[in-house]
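Colleague: Residue numbers (this note's numbering), protein chains in the order written: chain W, 1 to 304; chain S, 1001 to 1283; chain L, 2001 to 2545.
Please keep in mind that the hints were generated in silico from the structure rather than gathered at the bench.
We put the beta carbon where it would ideally sit given N, CA and C, even for glycine.
It is possible that part of the hints are untrue.
Unchecked claim - Rough simulated footprint, nothing fancy, chain S against chain L, three-plus residues with beta-carbon under 8 Å: (1) 2242 to 2251; (2) 2323 to 2333; (3) 2403 to 2413.
Here is what each chain is made of, one letter per residue.
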Amino acid sequence: MTRAILRRVGAGALVLWAAATAAYLALLAAPGDIVDTIIGDGADTPVIRAQIIREWHLDSPPVVQYLGYLARAVTGDLGRSYLLQRPVAEVIGGQLAPTLRLAAAAAVFGLLLALVLAVAARRPWVRRLSSTAELVVVSTPPFLIGIVLLSLFSFRLGWFPVSGDRTVAALVLPAITMGLPIAGTLAQVLRDGLDRALDEPFAVTARARGLRESAVLVRHALRHALLPAVTMLGWSFGVLVAGTVIIENVYGRPGLGQVTLQAVSGGDMPVVLAVVVLSAAAFVLINTCADLAYLIIDPRLRRS
Amino acid sequence: MSIMLTRPRAAIRTLRRPRIGVGLAVIFLALALTAALRPSLLAGDPLAADPLHVLEAPSALHWFGTDQLGRDVFFRVVHGARHSLVISVAAIGISVGVGILIGLTAGLGHRVADEALSRSVDALSAFPLILLALLFIAIAGIGTTSLIVAIGVALVPHFARVVRAQTFVVRRAAYVTHAVSFGTSKTRLVVRHVLPNVLGPVPVLAVIGLGEAILLAAGLSFLGMGPQPPSPEWGAMISESRGYLHIAWWASILPGAVVTATIISLTVTGRFLQRRFEGRETV
Amino acid sequence: MRRIRLAAAVTVTLLLLAACSSGDDGSSGGVAAGQPVSGGSVTWAVETEPITFNPHQYSQAKARLLVWNTFEALLTHDDEGGYEPWLATGYDVSADGRTYTLTLRTDVTFSDGTVFDANAVKANIDQLRTPGYAPTVAAVQLKNLDTVEVEDASTVVLHLRKADVLILDFLSSPQGAQISPTSLKEARDLKAGGPELAGTGPFILDRYTPGQEVHFTRNPDYDWAPANAGHTGPAYLDEITYRFLKESSVRVGALTSGQVQVIEGVPATDEALITADESLTLERGLNSGSAYSYYFNTAHAPFDDLRVRQAFREALDVDAVLTGVYRGTAQRAWSVIGPTSPFYDASLAKTYGGDTAEANRLLDAAGWATKDAEGYRTKGGERLTVRLVQPAPYVRDRRDVLAQAVQAAVKQSAGIDLQVQLVDQGTATTALTDGAYEVFDNSRADTDAGAALNLLLASTGAINRTGFKDAGLDGLLDAGVSTTDAAERTEAYRELQKLVVTDQALVLPLYAPQDQVAFSNAVGGVHFEPTAGVPGSAYDLWAGK
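So here's chain W without its partners, still in its complex pose (with noise of 0.2 Å):
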């Protein structure tokens, strides 16, 4: 058990130190000199060039700029934005709660409309319906969706605020629209473990006592279906990451995916190298978790 879970951390460990490199590598590769990369649209100045070789360990030999590098991200150190002229972490930091509180906000969501949708899915044509809406709702740009609700229940309709973060009804539509592909995918997965639990000896054996279908579905087949979901964790956290950049985009909210794409356009590559570091560490965390959650759920992988 402890060889297993060590595994997995070192695993996870492993891939962090290939996201960091990685990112680190792209930041050589780009085009130009390196300082020019790391000021973007930002000051140039002498005195801010010198802060940067001695920042990023340029005069060094170019191992030692990696070490440097690598030193600074363990220790939590996310460099300094030239472009903003603060700390990377500052920057981060500053807007990180209403990203959190919206990503929160639609997995929840997603979740719970997953759940239903599979749940009611025993009749075939709610299943016709629901799969042919879920395949609608995986393919629609999540942009599309969001202008469409936007435009018609804050405009239209002006149930809620059209823009920014001010209160708990602004998170809903931003919500809903990074909600739903989570959701359509989800259900999908959660139907399928169902159809297979429902047919399992345990659920024979469940009817054959007399239980109800309901009672058997809701007690015994949905705990079973709910463990492939948590494979999914990992790529509902991709999903989670993408949509901040474009659903704040779109509702105008602050956090990270503003932070992201004004990083971006602005040539900020601190920042960008930051948030796709953090990301990747996120990510990690939530894997790790799921591969630890599945040891701890299914002892037959604990021998592996």
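For chain W, the structure is supplied; the task is to place chains S and L on it using the hints.
Modeller: Same frame as chain W, but now just chains S and L:
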């Protein structure tokens, strides 16, 4: 959208009578392909503006209405197909090429090479696609080439993983062990025996991947990271016209509907092919 | 005390204020029933997020309404382009026009407790002349300023090297607004401004959330409103929030759904939504200063050739593109000077433009005679490409859409390839410094159009993007500021307009910039700034119950 490697049984049951759906999807894709290759067959000048006829509703003259500059939205959507096709096909080309290379090397190579490559692929997929694409654009600058390479690289893991898994199956297969015992050269072995047999799922994955690439490209263009105005790129069109949504829904919704229809068609066709070629079910 | 007054009355501003679509009497102040009440709060959605809150660094006309909440200038304007006292109680000009003596109010304190006096005025001007701090102001507005002398606590004397009437315009401009000397010394990020900078205005900026909003609370000690304000004493509102909503549809949606009470920047396509609603009012004000124009870069090909510049103007049917984008709400401009200015030469109207045949003839004559596969003109294998670089923070009134309309029009009519790049400010600055552009777009809401022309057209002008340097032109600009005589000034500017618009075709004037403000009838006191024609500060604003 994710590529579902396992077929949900529910999906099979509902899609057992998919002939109409598949037929429609194929017709739509044929139209989209025509639009991409010979747009002049279907539509006129996508850049011709008429300031005296802006934001006009769909009519017999302008099937999809006109946009804020008085350009025909239908013409623009038709011409936009080329952007989407070029971007998605080129991107998938990169993903497939690099994916096969990595997959084969990992599947046939030493354990250490396999471990290293697999972990790299894991790391690559650790970046959410859009972030990876944005990172690339931040470095290489905004433009169609950046977009293609970014999406291409972002989708490599899908193909690398499948090819690797297939390679493991194939290298243990009888014909490969036989060939080895006959002393076939390694290159010949890979090219003649392994490669053709590991590629099986790739075309189908590529079809579904095209949809993902189009969705990603539209998203990035919507954010202003793709072809610049006045290019009739679908995502950019939706973005430019969204300020007029409440008075001219057609200028942004209709291009959006075409994007959705294209991706659905690709998914439906891809799933259909998946069923056919995996031979698990006769359709 | 002699007061300089511009003879030509700028009554146009007033007339235009009355041109509001909902048909109220047009007097400043909304139609909200009842008397102003004290207290409450208002949320106002604005199009432009300022790139700085330091008034010295001010460069966005759309940010002007925010400046005057926190900061005040020494002088202000009446409705007719004349000057009124503000933080100065008056001024005196020597006969040679080279010495300005300002007397100051003695009852004013900055919101950080620092006393406003002659030393504060000197500290502000010294700061403006610090190298690298505000190069544009130092090089243009203050170019003729020699020394600043503190005579006593309430008297300050400006000595000029030569006569320059625009010094008064500077003293009434946002760049001439007074920042607390304490802030000037201690602010960590002086150029960016924000809550750190104390002013004397009726509100205090206490919270700024980038990308979202800026929040002001009432300055309870405020008691020095200028005579052109609607009331005296502290502001009516306890607090006011300005939210930055870049998308016009989002602003209009926020107003019609009651989430904000006031918006500015109402596109023509959305006006019907406002006017259809009984509880909303729409008002428009035409800005002073220079017209929104395209300036041609004459430093290199193809616009180094007069014929190509003329051809570009002839290739474009300005009325058609304005109708398409602004639905008949925009007033076409015919000169680089805006039509509300007393210096505007109305005889330029209809003297050029919109002649496609002439455009093509001119381009043929200039050697751009062949066309490539895409229909663009070429010369020696090179396409007739011109680039317009638009920095996003300055784009307003859907000027990006207008640019695309122009782009399509000049391609269709004359085969000109206009490339429009909407970029962030840093990229735009780089492109402009490197000369990587052929078209530059600009409008300036200076209260005296001469101030705008000095920046845009003088050889040494900070935003002279035409690359056109001409002693005759500089002479006319000097003549325009060296006399207080309105007729002489008008004559100088008339000749100047003939030179740059008619003879040299340096500019393609497009439209007279205007501001639109729409507001809920529960709000009163919405007004436009006298002479400038831009939305006024929140000082007179009040919220009804």
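Colleague: Does each hint hold? Answer for all of them.
Modeller: Results for each hint:
no. : hint         : verdict
1   : 2242 to 2251 : holds (count 3)
2   : 2323 to 2333 : holds (count 3)
3   : 2403 to 2413 : holds (count 7)
This entry satisfies every hint, going by the numbered hints stated previously.
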